[in-house]
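Student: In numbering that gives the first Met the number 0, the protein residues as written are 0 to 188.
No wet-lab data here; the hints were simulated from the structure.
Remember, predicted model here, so these are calculated numbers, not experimental data.
For every residue, glycine included, the Cβ atom is placed at its ideal position computed from N, Cα and C.
Nothing false has been slipped in among the hints.
For each label pair, taking beta carbons as the anchor points, the in silico distance ranges come out as:
id : residue 1 : residue 2 : range
1  : ALA135    : PRO26     : 35 to 41 Å
2  : ASP127    : THR27     : 18 to 24 Å
3  : ALA84     : ALA23     : 35 to 41 Å
4  : SER162    : ALA24     : 18 to 24 Å
5  : ARG134    : ALA72     : 17 to 23 Å
6  : TRP58     : VAL20     : 53 to 59 Å
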Amino acid sequence: MKRKDLSLLDGLIVLAALALVALAAMPTLLEWRTRSRVSGAQEDLLAIRTALEAYHADWNDLPPAGGEALPVARLTTPIPYLQEAPANPFADRRVGRKAKPFAFWVEDSGQVDLAEAPKWYVVSPGPDRRMDLARADLRPAAVEARRPDFVDRLYDPTNGTLSRGDLFVSNVDAYDPTNGVIHSWGPKQ
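With the hints as extra help, turn the sequences into a complete structure.
Tutor: Structure (structure tokens):
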């Protein structure tokens, strides 16, 4: 019985075929990673929304927005509205760069009615890792009316997983004039 060994050329062909299969699978694997980060950020935003609502129910106020960072210390101690500080999955973690937390803004409306919570906004950069929304973009009129200058800065996965835009949650209800529906912004519970 004659035995045929694999030649070097046969081995290279098999190796090239495996490399092509791995190369074809790479974009899908990277997209799964991005989708899981988006999902994690949306879950964190839901937890932050719940924590802010519980904080407001207990204290009839919101934690002070010190700068533009979410005041995590007020939400984790002494009463744990959040079990731990959420880590922003899209923060820039390169060496020498400080990771940006979720941005938090409270609308100062000068309201007297304490039964109604002040308008607040929590923003996370999207997969492009840039903060597209600024405090000036979060005018209640723009948010409530879904103006294009506001909506265009929100992350939309239908534009591609790595499209620009930010993830956003708020206690501001928005009116959609196309169908007359009022809904809250941010991930759905």
